[in-house]
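Undergrad: For reference, the chains in residue letters:
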Amino acid sequence: MKELEVILDKNGLIVAFLLVGILTWATDVFSKKVLNGRIPGSALAIGLALVLGYLGGVFAEGEQGLADISYFKGLSILGGSMFRDFAIVATATGASFLLIRKSGMLGLVSLVLGIGLFFGFGVALGWLMGYRDAISLCTIGAGACTYIVGPVTGGAIGASSEVIALSIGTGVVKTIAVTILTPVLAKWIGLNSPGAAMAYGGIMGTSSGVAAGLAATDPSLVPYGAVTATFYTGLGCLICPSLFYLVLSSLLG
Amino acid sequence: MIKGLALLSFCFLAGMWCGALLGSWLGIDANVGGVGFAMAFLLFSKEYVTSKGGWNGEFAFGLDFWNKLYIPIVIAMAASLNVKSALSSGVLALLAGTLPVFLAFGVVKILLKQVNSEK
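Chains as they are written, first to last, in the numbering used here: chain A, 1 to 253; chain B, 1001 to 1119.
Be careful, since some hints might not be right.
What the hints assert, rightly or not - If you want a taste of the chain A side facing chain B, the calculated C-beta under 8 Å gives, among others:
| # | residue |
| --- | --- |
| 1 | 93 |
| 2 | 129 |
| 3 | 181 |
| 4 | 196 |
| 5 | 199 |
Said to hold, decoys possible - Using C-beta positions, here's what the derived DEER-type ranges look like:
| # | chain 1 | residue 1 | chain 2 | residue 2 | range |
| --- | --- | --- | --- | --- | --- |
| 6 | B | 1056 | A | 7 | 36 to 42 Å |
| 7 | B | 1057 | A | 1 | 30 to 36 Å |
| 8 | B | 1051 | A | 33 | 42 to 48 Å |
| 9 | A | 71 | B | 1051 | 45 to 51 Å |
If you are wondering where the hints come from, they were derived from the structure by calculation, not from laboratory data. Even glycine gets a Cβ: it sits at the ideal position worked out from N, Cα and C.
Next up, chain B with everything else stripped away, as it sits in the complex (with noise of 0.2 Å):
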């Protein structure tokens, strides 16, 4: 199990690390795509280890516990967000918040109509 969860962290770790470097070469404090980079190591990880057979059950109870857990950190997230200022702080940023969103939800069913009726 804790050699899994090894895995986990060690792919998570390097991830964070390549986005933070990304973010400094472009010059800007933020971590660009690290989340990203750190679910490509892992699944390249993943390819690698079961190629070796060492994927069996107790090595991945070690990541299937936290993706399983993905859904109540959300739920945990949602709760200690800052809702009361949102709805506060003011009409432009109501507006600002959902207009686009209702458009955004447009633009991607156009945009997978496009796609899928290219193929």
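Next comes chain A alone, as it looks inside the complex (with noise of 0.2 Å):
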């Protein structure tokens, strides 16, 4: 036994492939087996994984969910960002750039409609919750955003590592939201083509959550949806701390 812990701890990447293969082919199974296919079995393995994520988390007491088990590990490197943005690009192979370059100002909308949206939304709730002053504000506010954009912005004002925390919890928490209810909501906002997937992407902006979203929905939109999403982080990191900022202290007196 002592030979296989040890070859399983050296070898990390290979265990996740073997890991993730085997959580795919079950959850195949599965839904055509079990639930006729309803629900795809991509959209089955991302909610699994979110659960083992969850299990991974309250096991190993870290922040890298499943992968803070040693044996486990592998999977922070087959998930970490390297490796899904790569692949993101890869997918534009399947992606037309006439179609990209025809969505191109519902993009843009999309987008400023996006980080307004969920800033405005982060700062009411924030206010209604007891914060008054515009650094925990705006940070809380950029936490609804992306976690990125949430510490990008809180470090950028000085806001203290509490709110910081919490700016990166509620981040965290739009990313899995977005994940679990794209492919339960596809239907009813009419999420169907290339443009739609673009006008999501840039609305809703946490990449990975939009990426997994569409992963479970239609695969075939992924490229479209991450083409906008991925500029979501920059241009929230960009406005959040400058003028958001500026405008909510000038409110806040």
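Combine the two chains into a complex, taking the hints into account.
TA: Next comes the structure, spelled out in structure tokens:
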């Protein structure tokens, strides 16, 4: 047994391939046999992975979900930002440049709408919860955009570490909510074309949530959603600590 | 196969570089749209390589493999998210993380309806 433990420990990434493969196979079978294909296997697999991430957090008391259990540490390599971004770029081979250009204006409108909506809502909820200073409110609003915009904004304007942690938590909750809700609500909002996916990516903005949600809905839409979502975090980091902060602090005197 | 993979890697690195440059030019410590630039480079490269007749099965396989590995990567990512702390970081995080998402789905619906009726 000791030999096996050493092998598993040394080859984390390979173990991650095996784990994800088993999970995908099991959820595919479950989706086809038990649910008659009503929920796609990939949506089930992503949902189950979130549950495993929660359990990993409970048992290992770390910050990386299941990847904090040493045998499963390869999951954080396979699911890390390098492979994620690399694979998202590879999905562009299935995208059409013409379609992206046609939806360019819609993408821009949705980006501005999306950042304004999430920031405004975050600030309003922060206000209701008793925060009154512009720095904390701005950081919480930025966290409602994504878990990267939150700490970048908080760091830039000098928020307390407690508020920054809160903004990261908010952003992670948003990612999870988008991941779970997208395949459920896709039909209702009419998410069925490249243009629609671009508008959706621009409004939701969390690139991991958008990518996972679209993958579970219709993998061919992933590149279109990703192309706008990738600009959301950058734009958010740009305007939350500057324009939005100035507006907030002038409103609060 | 490795030629396709090398092209993908080149586009990826070039795009990330552009994103980092744009980020520092705007004065923020973040990669602005690096993935988007990389995708644009890849789309242009695909046009070019196809026009030269180089986009054959073996070449495309290097890219297609990563395209298909995308969902497994997302699954691994979901399993390594800090789900527990997200759930335990308080009522405000839960509310501010979920309520606007519902609203945003509504906005997407309205926006798409507008666009479709204009056509």
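Undergrad: So, for every hint listed, does it hold in this structure?
TA: A quick look at each hint next to the structure:
A least Cβ separation of about 5 Å between residue 93/A and chain B falls short of the 8 Å threshold, and the interface hint therefore holds. Look at residue 129/A: its Cβ gets to within about 5 Å of chain B, closer than 8 Å, so that hint holds up. For the restraint placing residue 181/A at the interface with chain B, the shortest Cβ-Cβ distance is roughly 6 Å, inside the 8 Å limit, so the hint holds. Because the beta carbon of residue 196/A sits about 5 Å from the nearest beta carbon in chain B, less than 8 Å, this interface hint is met.
Annotation: interface hint on residue 199/A holds; nearest CB of chain B at approximately 6 Å, less than 8 Å. At about 38 Å, the beta-carbon gap between residue 1056/B and residue 7/A stays in the expected band of 36 to 42 Å. At roughly 44 Å, the beta-carbon separation of residue 1057/B and residue 1/A lies outside the given 30 to 36 Å, and the hint is violated. Against the hinted window of 42 to 48 Å, the Cβ-Cβ separation of residue 1051/B and residue 33/A comes to about 46 Å, which satisfies the hint.
Between residue 71/A and residue 1051/B the C-beta distance comes to about 48 Å, which sits within the given range of 45 to 51 Å.
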